[in-house]
Every structure is written in structure tokens, then in C-alpha cells.
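**Q** Using the sequences plus the hints, can you model the full thing?
Going down the list, the protein sequences come from chains C and B. Per full-length UniProt numbering, the very first residue in the first sequence carries number 1; after that it's consecutive. Per full-length UniProt numbering, the very first residue in the second sequence carries number 1; after that it's consecutive.
The reader is advised that the hints may include incorrect statements.
It does not matter which identical chain is meant; a pair holds if it fits inside one copy or across any two.
[Said to hold, decoys possible] In silico lysine-lysine, BS3-like type, Cα no more than 25 Å apart, as pairs:
id, residue 1, residue 2
1, K223, K359
2, K408, K359
3, K74, K227
4, K227, K168
5, K168, K223
Simulated from the structure, these hints should not be mistaken for laboratory data. Small disclaimer: the values here were computed from a predicted structure and weren't measured.
Number of protein chains: 2
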Amino acid sequence: MNAPSQEPPITAERQRAIVAELRTVLPPHCLLSSEEDTRPYECDGLTAFRQLPLAVALPENEEQVVAVLKACRKLQVPIVPRGAGTGLSGGAMPVAEGIVLSTAKMSRIVAIDAHARTATVQPGVRNLAISEAAASHQLYYAPDPSSQIACTIGGNIAENAGGVHCLKYGLTLHNVLRVRMVTADGDVVELGSTAPDAAGLDLLAVFIGSEGMLGVVTEATVKLTPKPSLARVVMASFDDVVRGADAVADVISAGMIPAGLEMMDRTSARMVEPFVCAGYDTDAAAILLCESDGLPEEVEEEISRMRAVLERSGATAIAVSRDEAERMRFWSGRKNAFPAAGRISPDYYCMDGTIPRRKLAEVLTGIEALAQQYQLRCANVFHAGDGNLHPLILFDANQPGEFERAEKFGEAILSLCVAAGGTITGEHGVGVEKLDSMCEQFTVEEIAAFIAVKRAFDPAQQLNPNKAIPTLDRCAQYGKRKVDGGRFRFAQYARHYG
Amino acid sequence: MNAPSQEPPITAERQRAIVAELRTVLPPHCLLSSEEDTRPYECDGLTAFRQLPLAVALPENEEQVVAVLKACRKLQVPIVPRGAGTGLSGGAMPVAEGIVLSTAKMSRIVAIDAHARTATVQPGVRNLAISEAAASHQLYYAPDPSSQIACTIGGNIAENAGGVHCLKYGLTLHNVLRVRMVTADGDVVELGSTAPDAAGLDLLAVFIGSEGMLGVVTEATVKLTPKPSLARVVMASFDDVVRGADAVADVISAGMIPAGLEMMDRTSARMVEPFVCAGYDTDAAAILLCESDGLPEEVEEEISRMRAVLERSGATAIAVSRDEAERMRFWSGRKNAFPAAGRISPDYYCMDGTIPRRKLAEVLTGIEALAQQYQLRCANVFHAGDGNLHPLILFDANQPGEFERAEKFGEAILSLCVAAGGTITGEHGVGVEKLDSMCEQFTVEEIAAFIAVKRAFDPAQQLNPNKAIPTLDRCAQYGKRKVDGGRFRFAQYARHYG
Numbered sequence: 001m002n003a004p005s006q007e008p009p010i011t012a013e014r015q016r017a018i019v020a021e022l023r024t025v026l027p028p029h030c031l032l033s034s035e036e037d038t039r040p041y042e043c044d045g046l047t048a049f050r051q052l053p054l055a056v057a058l059p060e061n062e063e064q065v066v067a068v069l070k071a072c073r074k075l076q077v078p079i080v081p082r083g084a085g086t087g088l089s090g091g092a093m094p095v096a097e098g099i100v101l102s103t104a105k106m107s108r109i110v111a112i113d114a115h116a117r118t119a120t121v122q123p124g125v126r127n128l129a130i131s132e133a134a135a136s137h138q139l140y141y142a143p144d145p146s147s148q149i150a151c152t153i154g155g156n157i158a159e160n161a162g163g164v165h166c167l168k169y170g171l172t173l174h175n176v177l178r179v180r181m182v183t184a185d186g187d188v189v190e191l192g193s194t195a196p197d198a199a200g201l202d203l204l205a206v207f208i209g210s211e212g213m214l215g216v217v218t219e220a221t222v223k224l225t226p227k228p229s230l231a232r233v234v235m236a237s238f239d240d241v242v243r244g245a246d247a248v249a250d251v252i253s254a255g256m257i258p259a260g261l262e263m264m265d266r267t268s269a270r271m272v273e274p275f276v277c278a279g280y281d282t283d284a285a286a287i288l289l290c291e292s293d294g295l296p297e298e299v300e301e302e303i304s305r306m307r308a309v310l311e312r313s314g315a316t317a318i319a320v321s322r323d324e325a326e327r328m329r330f331w332s333g334r335k336n337a338f339p340a341a342g343r344i345s346p347d348y349y350c351m352d353g354t355i356p357r358r359k360l361a362e363v364l365t366g367i368e369a370l371a372q373q374y375q376l377r378c379a380n381v382f383h384a385g386d387g388n389l390h391p392l393i394l395f396d397a398n399q400p401g402e403f404e405r406a407e408k409f410g411e412a413i414l415s416l417c418v419a420a421g422g423t424i425t426g427e428h429g430v431g432v433e434k435l436d437s438m439c440e441q442f443t444v445e446e447i448a449a450f451i452a453v454k455r456a457f458d459p460a461q462q463l464n465p466n467k468a469i470p471t472l473d474r475c476a477q478y479g480k481r482k483v484d485g486g487r488f489r490f491a492q493y494a495r496h497y498g
Numbered sequence: 001m002n003a004p005s006q007e008p009p010i011t012a013e014r015q016r017a018i019v020a021e022l023r024t025v026l027p028p029h030c031l032l033s034s035e036e037d038t039r040p041y042e043c044d045g046l047t048a049f050r051q052l053p054l055a056v057a058l059p060e061n062e063e064q065v066v067a068v069l070k071a072c073r074k075l076q077v078p079i080v081p082r083g084a085g086t087g088l089s090g091g092a093m094p095v096a097e098g099i100v101l102s103t104a105k106m107s108r109i110v111a112i113d114a115h116a117r118t119a120t121v122q123p124g125v126r127n128l129a130i131s132e133a134a135a136s137h138q139l140y141y142a143p144d145p146s147s148q149i150a151c152t153i154g155g156n157i158a159e160n161a162g163g164v165h166c167l168k169y170g171l172t173l174h175n176v177l178r179v180r181m182v183t184a185d186g187d188v189v190e191l192g193s194t195a196p197d198a199a200g201l202d203l204l205a206v207f208i209g210s211e212g213m214l215g216v217v218t219e220a221t222v223k224l225t226p227k228p229s230l231a232r233v234v235m236a237s238f239d240d241v242v243r244g245a246d247a248v249a250d251v252i253s254a255g256m257i258p259a260g261l262e263m264m265d266r267t268s269a270r271m272v273e274p275f276v277c278a279g280y281d282t283d284a285a286a287i288l289l290c291e292s293d294g295l296p297e298e299v300e301e302e303i304s305r306m307r308a309v310l311e312r313s314g315a316t317a318i319a320v321s322r323d324e325a326e327r328m329r330f331w332s333g334r335k336n337a338f339p340a341a342g343r344i345s346p347d348y349y350c351m352d353g354t355i356p357r358r359k360l361a362e363v364l365t366g367i368e369a370l371a372q373q374y375q376l377r378c379a380n381v382f383h384a385g386d387g388n389l390h391p392l393i394l395f396d397a398n399q400p401g402e403f404e405r406a407e408k409f410g411e412a413i414l415s416l417c418v419a420a421g422g423t424i425t426g427e428h429g430v431g432v433e434k435l436d437s438m439c440e441q442f443t444v445e446e447i448a449a450f451i452a453v454k455r456a457f458d459p460a461q462q463l464n465p466n467k468a469i470p471t472l473d474r475c476a477q478y479g480k481r482k483v484d485g486g487r488f489r490f491a492q493y494a495r496h497y498g
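**A** Okay, here's the thing in C-alpha cells:
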């Protein structure tokens, strides 16, 4: 998380010209340009970095999105697309000389097709609103990021959002069938289809998770999943974190795919228990939550198999939710881990890395050693089944040097993930936060391929510039890379792609 | 399937220069240039189109692939990558002024990781050989194209190959975790990872199914699936094709995902029965094969549910395989439908389109009407569960005009698929065969996006030129397109992207 480079200043005259041009294509209530109005858009969930945009466009329909993008193309104005602004890696952080394009006003559910089990929605529809609209058909939208009450499908697509139930039901990528989007040139393009396979290059997959750099979503068709008639969760305590991590591998090796498989360490459990009263075993070194859903007889059978595996793996205590209220209570602590961190520490920094499941114990031990080294507490909550870690680094920004130490600690955790054969983000994206870590994860040729594809969609590099993909110059300065060659090779390539 | 444009002639002098250059980077036994030696490479499974390449390179390792691509880059020689040559859309058809790069000599299984359930293999490893190598761990590689005994994983990746079991286990896309490939510039790039999620743009998905236009695979890591302990198949007869098609929808609506769900019409059943003696009901208008696999108790329960649904849907006869030998016998007809066509017709043309499952009955009725119109027989065998049709058009090329009629009939079937909300290829790819149908499926902006991404990987357009993605000029001439605008708009864009 290095501070983004200083934005070049923009003259008042140019700002006026841009706003005047946008006024010709948007109704007055769809354009914000006073500092008072644009202030709420200065950052997303990564609040350490803030920047006022020169204006905020809030188009109400696809035609207006096209018109805004064409106007920006003409005037060479950068555009930062924004969903609900709940992202955690600064993907929606504005640039000073550019506008924010918010899809908040495009919040209509276009159609629910219960027979085909699909919903077609505008980008500003909230994640949870899709499930609410489909509830009468006993269907729901499966990916469930913690922010699902607020975050929107447009932002979910940009970040390839995950959630607690993604182990069984997949990420956003696996639940979006079709996207209609507008390119930087103002062209409308449909990617994917509701047919079982699509001809042509699979541009839908490359678009999902592209962090607003390839186009602006104007409509999406998502898969709906039948609501399971029953869900129960097993809560198991372990007196050793490594044993808990091994139990995760044991559950999966036994051939089960739990609807959720989450882990919290003692620091996390003690952090949330006073806050939510979930009934967590605060003496345990680690707590596992392992959920089964489906038909009642399937769930009963799977729960007893899960129980047996967890006992064999050395669980010191096991509880199974008896009803829906208790199931929600068991989950409440996991789902409220982030807000709870604010109660025991002035500040916290939530990391997001992914590792092969079998490396869980090894990486957790490594994080513990790093906590010692950086002299900071770290609470571990994570999607254990996916190998997706969310270490919460606790610090106090008022203590000189603590923020910088937290940043270094975070970067070291990501290096640990890369070294374990994992990746630097599971579901929060790269944004402005992890540009340097990208240089560590990928070779110069791989980053050059990302840049080339970005340019194929957006030759003038106006859409969300300087996010998600580092320039090769930056990597050359950072000086680390996956294979050999390092600084020199990045610098050499930077002449072509930088 | 229009004949590709005439290749420009190549001088003997240039041919000698190219072969001489390739000799400096390949051992003698890895380069074929005499007509006798290159003849076997003049076509793939789409034998109607043939073209001798100027040479065939058979590199034995990644370094040689890099060297061949760099040599071709220097001399501006087009490269057509080739797996086993079993493709059905002409994707591996050579170009006169270019070389074929066959991965046949790179056929080593690099590693089987039974714990992580992955296999890492070179591109020339045969599909079935992966399962054979993993068999001792009770694992197998799930996608099973009909050609699986011969086709290779490199070709499967190029075509995003499917198969009978893809309804439950997914296409190649869903079973390949990581690809190592060489770009047209000779850069080695890794796409995807064995970690649960990958940072950066999802270039693996765009690469899979890109028909050899973005790079040459040198290694792939694929997912292995635990072998089910039992598989049984229900064979159901219907006295009406539409009723059979509706039964497919009924099975899926009942919440089951069969391991295979295939349909044959009467023409197909009568065609294969004398050939394989599978015990098919040749009086039935349609036969459904519906498979269940998993643990014995799960299979028994699912088979009885399948039986109940099929009876309710109007099956006139039902048989369930009693043992593995009978299961293989029930499948033998489906798997041998293509060779069997050769016994009742001098020639056949296998189409490949995909439609939403609920449109099956409607499209089948439409195909019947087209058969009348074009006065040709058509046997329908297909992956019904996926909505992936494989109409076999039977004709006699020795009868004047029949081949052309078969082509028109095939094109009309694809138009029917597009109109039903489907796509022009399920698993055979576009190749040279369906370039015109691409113009019908996609808008000018969508094809421009494909072209831009192709150029991002291969600016000089040397890798498999004129395959899979039509030029906008071609579409302008073809004159049909998905939305409005037609010929003029394609022609207008062609100036930029053509």
C-alpha cells in the first residue's frame, strides 16, 4: 500500500469546460461538482487514501453512460467507475483530474426468470436485493461478501467478489452469465450469454475482476440458486491453530464440500465475543465453522460425517446449531469480525491473500512469527476452505511509525502467500493497495500481457488509470520479481509497455 | 463453411530460407519439409478443406517452441499450432505460406499430485492418457470428448473441448487450473494458478478456447476428479421427439445434475444399432441416456428419482444398466454415432450448436422442417443436458449440388440456434468453418473487441491467421448481424480493425 503518485494539478478553466460538457449529456440531478457534493466520493473502503474527483456523474441509464464516456473520450478525462464504494483496496479511489462514474442510480431489477433460474439486473442493484427479489421463487444469488447489504452487483463484478459460501457455490465469476458493458470508446458490448457455452473469446471471464479498467457495466444476468431447505453449522474448537488448519484439509480430503468452512483464531474470537455474544469458546486456540446445506436427510448425514472428521482431527469441543436462530448466532461473530476489531484497536488493516489449502498451517505459523517481528497484534479470520486469509493487523495510527509498520507487516504476509504458491488477493482486488505486490507475483512478460489486454479495451488508458496493473516502470523501481532478471528486465520492457 | 480465400503463392527461395532458419533451431528429426512428409498435416478432422504447409515443426521442449516462434517472428512466417488434428472445424488447417507447429513430441506427464488432485502435463499428452496415469490414485481427468483416445490436452485447451460428462463436471475451461504458454513474440507466460484464486486479469479463461490464436501451450496443470465408485445409466424411449426434449428439462428442473444426459433421435438409433448392437429401441422416436454416478447409495437413490421423472414425462420404455458391461453397451451407440453415419451415407457433416435447454423441442422441430426444405436426412445426437446439438447432415458429395445444400442446411441450423438465444458452437470451435456465422452471432463492437484482444497477444497476426475471428470486412460482405446497422456499420469499423 504505497501512496499513489501525486496527481498533476488541473486548472479551474479545464474543470469548468469538463463540467459544462457533461451538463450537455446529463440531467442536473445526475452531476455533482461542488466540493460539498463530491466529498462523499473521495475514497472507498480503503480510507487511508483520499482524493477529491473533479466531478461525479450519476447516469440513470445506458444511453447516459455512453454519452458520459464519449464526452470523456473527447476531452481526454479519466473515469473512475464506482459501485457502492465498499471495496477494500482503493479500486474506486478518484483521480484529481478525472470524474467518478457512479452506477448508484441504475438500480432496477430488469427481470427474474424463475424457470431459467436467472436474474437480469442493472449494475447499481445491491447484492442482497437480488436474493430478496428472487425469494418468492425459493431462489437466491449465492455469492455473499460481508458487505452484501450495501455492495452492488456492478462492484461485485469489478472485484470478482467472494464470500462465506463461495467454497461450494463459486465466486462472482461462476455466478454471472452475461454482462452488458460500455467501453472507453462508448461502444456497447455484450460478453457471455445465457446459453451453456459461448463462441468467440471468453471476454466475460477477463472482464469479471478487471476492477473497472475495461468498461462500465450497464446490465448483468446472474445465476440464481435454489434455496437449500435446511442449513446447519458445526462449530469446533481446537487447542492449536495448526491442528485446526489440518482439520480443514481433513474435511475436504474426506470428499465433502461444505457450504462454508471458516476459521477464527483466539485473538479474533476474543475480539468478537463481547460484541456479538455468539457463544464462542474463547479459550480455544482456533474455532472452525463448518456448514452443510441441502435436503434435510442430506444435511443430517453430512453433519454427522463432518462431526466424525473433526473429532478425529482433534477437536476439543463440538457444537451443532439446533435451529436457524442458533445458526445465525454462530455465524454472527465471523460476519462481524471487522467492525469488532474497531472495539479493541484504534485502527486495523485487513489483508487478503490466498494460499493452497495444504499450506494453511505453515503460513499461519509464519504470520505469527511476523507479528513478533513487527511487534503488532494480528487477528486471523478466514475462508479456510478456499485458503483465503484475512489477517487483521491491529495498530494505532497515532503512535509514530505504527501505520508504516502495519503496511510492511501486510506486505510481508503477501510475500509469504506468494512464496507458498498462493496469490496476493482472494477477493478484495489489487486497486491502489497492492500494485507493488503484483510485481512480486508476476513476471514482466505476464504484466506486459495484462497491460496489452487493458490497452486492447482502452487504448487511451482513461478507465480507472493506475489501478490494479502496475506499470513496468513501477515494477522496475520495486525491483522484486517472481523469476530471475529483476529490475533490469522490467526496465527494459518498460520502454515498450510502461 | 465457405472456402477460405486463396493463399498467396510463396516462392521456392523464401521457402528454402525459412526451412534453413528453422534447421538452425531444431534437430533434423523435428522438422519436416518434403511434400511426402507434410502431406499428413494438410487438414484436421474437417477434411473438406486441405492445404499443404511449407513445413512442419515438431519441437521436443519449450526452448525449441520459443526458438521456432522467434524465428517465425523474425521472418514473418505464420504459424498454425496443431495437437492431434482431431478438430472438426478446421482450426488446424495449414496456410500455404506458413508452418504447422505440432506439439506431438511434447508428450510427457510431468507430475501427478494425488493430494492436490492435479496433473501437470505437456501439451501433446493424450486426453485419455491423463486418466490412465491417474488411475492408480482412483482419480481421472473428467472432460471426455469422443476423440479422447487420440486428442491431446493442448488441442483440448485450444478448443475448450467438452464431452458426455461435461454437464456435471464442466468443460475444459473448468478443469484446467494453469497453462504455461509461449506468445507469438517468443515470451513464456503462465496463466492461472493452482491457488484457489488468481490476481490480475483472468487471461487463462480467454486463452482456453482461443483456437491457437493467442499462444502455444507448453505445459498445463489440470484438475483430477475422484473416480465415482459406481455409475449406472437409465435408457428411456419416447414416441415423440418433443416429449423426449421436454423430459430433459424435467430431469434438470427436478434438481438433478446427471453425470450425462444424452439424446438420440430415431434416425440416429437406427443408424448405430446394426453397427454396435447396443440394444436400442429402434421404434422409439427418441432415446434418452441419463447417467448417475457417485457413492452406491447416492446412485441408487438418484436412479430411482430419474426413473420416476422420466416415467412421468411419458417414457414408453425404461431400462437401467445392471452392470458396468451393460452401461458401456448403452453408451456405445452414442459414442459411435459419427463412425456409424459413414455406414448409411457416403458423406456426413457434423454440426455443433448450443441452445438454452428449454428451447430443445422448438429447435428440433425447426431442424425437421429444414430437413424437408433442403431434402436431406439429418440424424440428431446430442448432449441434451447442455443444450449442445450435434445434427449429422447426411449427403452424397458425388451428387451434384448436395455438398452445397448440406452446407446451407448447416448454416440454417446455426441461424436457428442463434435465434433461439443459443450459440454457433458448443465444443467444436469456429476454425475456418463458422467464420460467417460469427458475423451473425456477434455485433461489430463485439467482434472488434475480439480482434483487439487477439492483437494484444499477437500484434503481427502470425498465430493461426484467419481462423476463429472473422475480419470486419468479411462480416460486411456477409451482411448479416445480430442487431441493426448491418453491412454499412461493419464496413465502417473495418477501416479501423479489419
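**Q** For every hint, state whether the structure bears it out.
**A** How the hints compare with the structure:
1. Taking the closest pair of Cα atoms, K223 and K359 come within 25 Å of each other only across two copies (18 Å); inside a single copy the shortest separation is 32 Å, beyond that limit.
2. For the homomeric pair K408 and K359, the shortest alpha-carbon distance inside one copy (22 Å) is at most 25 Å, but the shortest distance between copies (56 Å) is not.
3. In this assembly of identical chains, K74 and K227 lie within 25 Å of each other by CA distance neither inside one copy nor across copies; the values are 48 Å within and 58 Å between.
4. In this homomeric assembly, K227 and K168 come within 25 Å of each other (Cα to Cα) both inside a single copy, at 13 Å, and across copies, at 20 Å.
5. Taking the closest pair of Cα atoms, K168 and K223 come within 25 Å of each other both inside a single copy (14 Å) and across two copies (16 Å).
When held up to the earlier numbered hints, the structure conflicts with hint 3 and nothing else.
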